[in-house]
Amino acid sequence: MKKNLKIQIKYIYLILFITAAYILLPVMNGDYLYTIQDNSVFIGGSTFMKDLMGREGGWLSWCSCYLTQFFYHPWLGSTILILLWSATFLMLVRAFRISSKWSFLALLPQLFFLFELLDYGYWLYYSKTIGWAFNHTLLFFFITLAATLLIGTLRPMNIFQKKVVARTMEGMSFVLMFVLGTWLLGSWKFFHHPSEFTITMSDANFKHEMRMYRALDEFRFDDVLNEYESIQETPTNLMVLYKNIALMHTGQMDKMFATGNCGIKPEPDDSIKLRTSQLGAPLIYYLFGHINYAYRWAFENSVQYRLSFRNLKMMAVCAIFNKDFDVAAKYLTMLKTSAYYRQWAFEHEAWMLNSTKFVQSKDYEIVTSVLNDQDNLLDGDDGLCQRYLLEFFSDLEHPNTPLLEDVCLCMSLWSKDYYTFALHFYDYVNKHPNRPIPELYQEGAILQRDAEESPIDLSGFMFDEIVNEKYKSFAIDYFNLQQRKFSPNEIAQQMKPRYGNTYWWYYYFYNDFEIY
Amino acid sequence: MKLKKILSLTALVALLASCTHPTVPTDAQAESRLPRIFPDYTEVTIPCNISPMNFSVQEGASEVVARLSFPGGEYTYGEGQKVQIDEQEWQEILKASIEKSIKVEVYAKIGDTWKSYKPFNIYVAPDSIDSYISYRVIQPSYVAYEKLSINQLNLTNFDEREIYNNMSVSTEDMGQCINCHSYKNYKTDNMLFHMRQGFGGTMIVSNGELKKVDLKTAETLSAGVYPAWHPTANLIAFSTNKTGQSFHTKDANKIEVQDTESDLILYDVEKNEVRNIVELDDELEVFPTWTPDGKKLYFCSAHFEYHNDSIEKSAEMILRYKEVKYSLYSIDFDPKTKEFSNLQMVYDAASDSINASVSLPRVSPDGKHVLFAQGEYGCFHVWHNDADIYMLNTQTNKVKKLDAINSPRSESYPSWSSNGRWIMVASRRDDGNYTRPYIAYFDRQGKAHKPFLIPQKDPNFYTFFLRSFNRPEFMIEPVSITPQQFATKAKEDAVPAQ
Chain A
1 MKKNLKIQIK YIYLILFITA AYILLPVMNG DYLYTIQDNS VFIGGSTFMK
51 DLMGREGGWL SWCSCYLTQF FYHPWLGSTI LILLWSATFL MLVRAFRISS
101 KWSFLALLPQ LFFLFELLDY GYWLYYSKTI GWAFNHTLLF FFITLAATLL
151 IGTLRPMNIF QKKVVARTME GMSFVLMFVL GTWLLGSWKF FHHPSEFTIT
201 MSDANFKHEM RMYRALDEFR FDDVLNEYES IQETPTNLMV LYKNIALMHT
251 GQMDKMFATG NCGIKPEPDD SIKLRTSQLG APLIYYLFGH INYAYRWAFE
301 NSVQYRLSFR NLKMMAVCAI FNKDFDVAAK YLTMLKTSAY YRQWAFEHEA
351 WMLNSTKFVQ SKDYEIVTSV LNDQDNLLDG DDGLCQRYLL EFFSDLEHPN
401 TPLLEDVCLC MSLWSKDYYT FALHFYDYVN KHPNRPIPEL YQEGAILQRD
451 AEESPIDLSG FMFDEIVNEK YKSFAIDYFN LQQRKFSPNE IAQQMKPRYG
501 NTYWWYYYFY NDFEIY
Chain B
1001 MKLKKILSLT ALVALLASCT HPTVPTDAQA ESRLPRIFPD YTEVTIPCNI
1051 SPMNFSVQEG ASEVVARLSF PGGEYTYGEG QKVQIDEQEW QEILKASIEK
1101 SIKVEVYAKI GDTWKSYKPF NIYVAPDSID SYISYRVIQP SYVAYEKLSI
1151 NQLNLTNFDE REIYNNMSVS TEDMGQCINC HSYKNYKTDN MLFHMRQGFG
1201 GTMIVSNGEL KKVDLKTAET LSAGVYPAWH PTANLIAFST NKTGQSFHTK
1251 DANKIEVQDT ESDLILYDVE KNEVRNIVEL DDELEVFPTW TPDGKKLYFC
1301 SAHFEYHNDS IEKSAEMILR YKEVKYSLYS IDFDPKTKEF SNLQMVYDAA
1351 SDSINASVSL PRVSPDGKHV LFAQGEYGCF HVWHNDADIY MLNTQTNKVK
1401 KLDAINSPRS ESYPSWSSNG RWIMVASRRD DGNYTRPYIA YFDRQGKAHK
1451 PFLIPQKDPN FYTFFLRSFN RPEFMIEPVS ITPQQFATKA KEDAVPAQ
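Each protein sequence line maps, in turn, to chains A and B.
Numbering follows this note's numbering, in which position 445 of the first sequence is assigned residue number 445; successive positions increment by one, without gaps.
Numbering follows this note's numbering, in which position 435 of the second sequence is assigned residue number 1435; successive positions increment by one, without gaps.
To be clear, the hints were calculated from the coordinates, so they are not data collected in a lab.
Among the clues, some could well be false.
[Said to hold, decoys possible] Computed list of lysine to any residue pairs in SDA-like fashion (alpha-carbon distance at most 20 Å, straight line):
1) 1271/B - 1335/B
2) 1322/B - 152/A
3) 128/A - 1167/B
Please work from the sequences and hints to get the whole structure.
Okay, structure coming up:
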């Protein structure tokens, strides 16, 4: 009866661990797991295998890459991981003859692996370790398996020897736990910076960013906007950018400031220098119709960090747009060897074989809507994707699609570029004399009307009464608060409820625009 | 016991299967065209000591069979879509086919039907090729780089080894770029390569002795860049360059690499001394290369005058990048006095009538020809789709385009084998992005033949390999200094040149 109880305790520990792992992984962090696989790669065939075998722990990395693919379905990937952890636990308990009561100690390594996985956070974009998500788990699994087999083979037959070995093994198990625990803690950031263990567990923006990226990648623009709306915290600049891209492709770019356009730069960890170029530049450039730059950043990130499904797909689709079919075929051939992008590869291969299919595709429709007809330029973005786009569209002369007209106007406003906004506004008004001018553009233009150095004369322009009145009251409120000696920050906060959705509020009070 | 038997039997079956030659289907439907194979080895001429010309058949077949007929015999091969030739049998095939050809008949099973394709020939030249080549293995990247290595490949048996790998000294905070490996007279006891950023310097092997040198002096623009070993004296000509990189928003070429300034210097290996060779105003000199007798140095130079003082030179260069056109020059050299004289323009590529730009000249071992890459503008032709290989006849001074070697995509970095019978080029013909080493036969009549991609054990290797083969160079022997020896020396401080 007592023995049965001990056995049950061991399994209860395991069940508790499994439950916690499922809650922490697919339930709470499904998007994170999906993003991990999206940023990893597995390519069938000998070349990829040979490449990994030439590195330290190559075989392990190959296995890890293969298994990481299954995070495409977070529940499936988690189940594989949890099975490996469970098997390791059971082997540890058996091999080192850990008593049922103390068997929870054999869960410590797995617990560390779980937290290590969750703790990665933004590092998932920057880590150069191939197959990192499964590497430690697999290494420990194989070591435990080898130890179990070895102990099984050496297990002596007589009772005295059995006792000696059993005690030795128990002793070793505690030493092993201690050594492993110390090593993991030593190498783990949490030990040094407890506050940093917040990324995946509680950083809502990190999760929002991942969800928005995926929705954007799948052209679910309404979902991007819904996700943005659900944000409780101050969004990151990248989230603002994602939101604006979604607004752009749903024809609502003039709602850019009404939906909130003030973001922050996330500072998750001093050791990571977060850059938009690594977090989302290829997709951002692609959705702005900058094919060469989208290709470039997918390439750069693959070179400097890791090749990934995300980057392979981007390089393939950009190559198709550029009619570089041979290189596109190369990337598609690789994707065909993956577990989950095979179908994607065949669908995109069809675009090359049948141009009608390509022209009818959603990608074509979206990208061509913002494809500018400006001559080729030789320039560079210095790794600052957002700044480059703001400057490029602010400076773009003669936007050739209706959407581009909006993009140019909005980018000029976003970058507070008076001069280019005035020129774009002038063109816009002349091009569409009978079209109502969106309020946002009037809000920008009314600043121009009163500016001392404006390239255009707007004194005769008829602003909507509502804009006129609102601007007057904005100016009066602003003046009054200044008179009452409020600080600029206090004025901003006091005016935000009434004017926070106007361009003027952004223009006068949002000065922390940190591009990264 | 039972298990042992099963294992032995399985091993035996596997061994037999590996030795089996597939049967040629008898009921195949004949197709009037050549089969689609990769690499394209149809009607190519190969050296009599090259490794097996393995290929894959790209007809969407489930099974393929290739029959290789040669004087005195035939063999069949085929596994899945791949045709991988046994190395020993290949030696037999080559030996029997010198100055003759190997006839290749390809059969592919598509669905339930076998198809046969128009046979093709692989011609075997009487000339052998240098046993080794070396190249830098690099992702064709824009700015970023990570793992780089200089590798050497034995052309006769697929054996590839690293000469040096930057990861042996790179750290997380400080990477190391390696480039411009170069050899004296195809031998490796005098060779060099550069290291930039982390542990920067030039690694020079001089008569088998390794040293690390800093070639930047107060008088030079930069450390040495593009090198050329003098064939007899212990001297190396280098260009010094101030280089920038920018990106096309739309153009298919994607990247431009431009020099805003460049000169030529001569480095005396024994004295550790640097001096200028050519330092002309408004001239961008680059890519030195010696004649085999060491009495002449060829190089490329572009005349470029900066007009706009209000912006930086690099900014003006970006705006006017298409105006930069390099022509081919030569300057005489006296190995005794070590003096240069008689600067001459050899090929005025930048002239209105030609309106082009040349790069990377290489003189043939008999001194009769100079190969170079030519494109519309600039000097970094690996990123220029229009770049092709041209050849100057030094006796007639006539230039011709080597149509047989070129493709619609970039060809650059030509080089000669030590016997002058083989030309190697870095070509992007396969996909436009990844540079591959192609070798073409150059016969005694001065005719270049269709080039072939250097064979690999796995014919699908190139399809899945996402790195370029940069600066392919012939060698007649392998590098004997080990990667570890290079790495140890790399960590030492560079000796400043005088």
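To see whether the hints hold, each was checked on the structure:
1. 1271/B - 1335/B: Answer holds: residue 1271/B to residue 1335/B is near 15 Å, not above 20 Å.
2. 1322/B - 152/A: Violated: residue 1322/B and residue 152/A sit about 73 Å apart, past 20 Å.
3. 128/A - 1167/B: holds (13 Å)
Of the numbered hints listed earlier, the single one contradicted by the structure is hint 2.
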